[in-house]
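Trainee: Sequence:
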Amino acid sequence: MAKKFKNIFAQLQAFEKHIEDLEGQILSLQQELERVILVERANLIRVKNGEELSDDYIYQGRKYHDLSPEKAWKLYSDPDYNFILLDVSASDFSPPRQLPEAVRIPWDDFPERFFEITDKTTPIMVISEDGTQSVLACEFLVKRGYYNCSNVSGGYKFWKGFRLAEARTA
Numbered sequence: 011m012a013k014k015f016k017n018i019f020a021q022l023q024a025f026e027k028h029i030e031d032l033e034g035q036i037l038s039l040q041q042e043l044e045r046v047i048l049v050e051r052a053n054l055i056r057v058k059n060g061e062e063l064s065d066d067y068i069y070q071g072r073k074y075h076d077l078s079p080e081k082a083w084k085l086y087s088d089p090d091y092n093f094i095l096l097d098v099s100a101s102d103f104s105p106p107r108q109l110p111e112a113v114r115i116p117w118d119d120f121p122e123r124f125f126e127i128t129d130k131t132t133p134i135m136v137i138s139e140d141g142t143q144s145v146l147a148c149e150f151l152v153k154r155g156y157y158n159c160s161n162v163s164g165g166y167k168f169w170k171g172f173r174l175a176e177a178r179t180a
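Numbering (the numbering used here), first residue to last: 11 to 180.
Lysine-lysine pairs mimicking DSSO-like chemistry, simulated, CA-CA at most 27 Å apart: (1) Lys73 with Lys130; (2) Lys153 with Lys73; (3) Lys153 with Lys81; (4) Lys130 with Lys84; (5) Lys58 with Lys73; (6) Lys153 with Lys58; (7) Lys73 with Lys84; (8) Lys84 with Lys167; (9) Lys84 with Lys58; (10) Lys167 with Lys81; (11) Lys58 with Lys130; (12) Lys27 with Lys16; (13) Lys130 with Lys153; (14) Lys81 with Lys130; (15) Lys58 with Lys81.
Computed spacing ranges between beta-carbons, pair by pair: (16) Asp129 with Gly60: 13 to 21 Å; (17) Glu44 with Tyr91: 23 to 31 Å; (18) His28 with Asp129: 40 to 48 Å; (19) Thr128 with Glu42: 21 to 29 Å; (20) Arg154 with Glu30: 25 to 33 Å; (21) Tyr91 with Ala24: 55 to 63 Å; (22) Ala100 with Gln41: 31 to 39 Å.
By construction, these hints were calculated from the structure, which means they are not laboratory data. Glycine is no exception: its CB is placed at the ideal position from the N, C-alpha and C atoms.
Use the sequences and the hints to build the structure in full.
Mentor: So, in structure tokens, the structure goes:
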């Protein structure tokens, strides 16, 4: 029920406050709508480019993929798949073998250096020691308009290419 006001000025101030609150809510809704539209556009681009997206991924509006080690290896090994491999492992980490095409930006330096990745449309596969820092990097990049990111789950620890080489030498 509406409050009773003693004078018209108090009533005007209350209306102005209510309008300010509504304007703030509208702005928040507009920002959220823009974010959702960007995610959906990214999903459409992925579908257009032939990527497989799970129903759950689309339904939840996820912003980046979590690639299994097998799926990541399949994409990595595909000569027709154009991508950026981004290594965000700690600067003191040395993988069992170097991935020569990897762009190395350690997570500790990432906020200052992420702009080195100038292409926001090419798929980005992000890898780290165990997949933890790559999740953080995917979230960081998505907030800055990189909507084609994929985390390599398990990171170098479960990178299939290394495990295949180990199996061949055993």
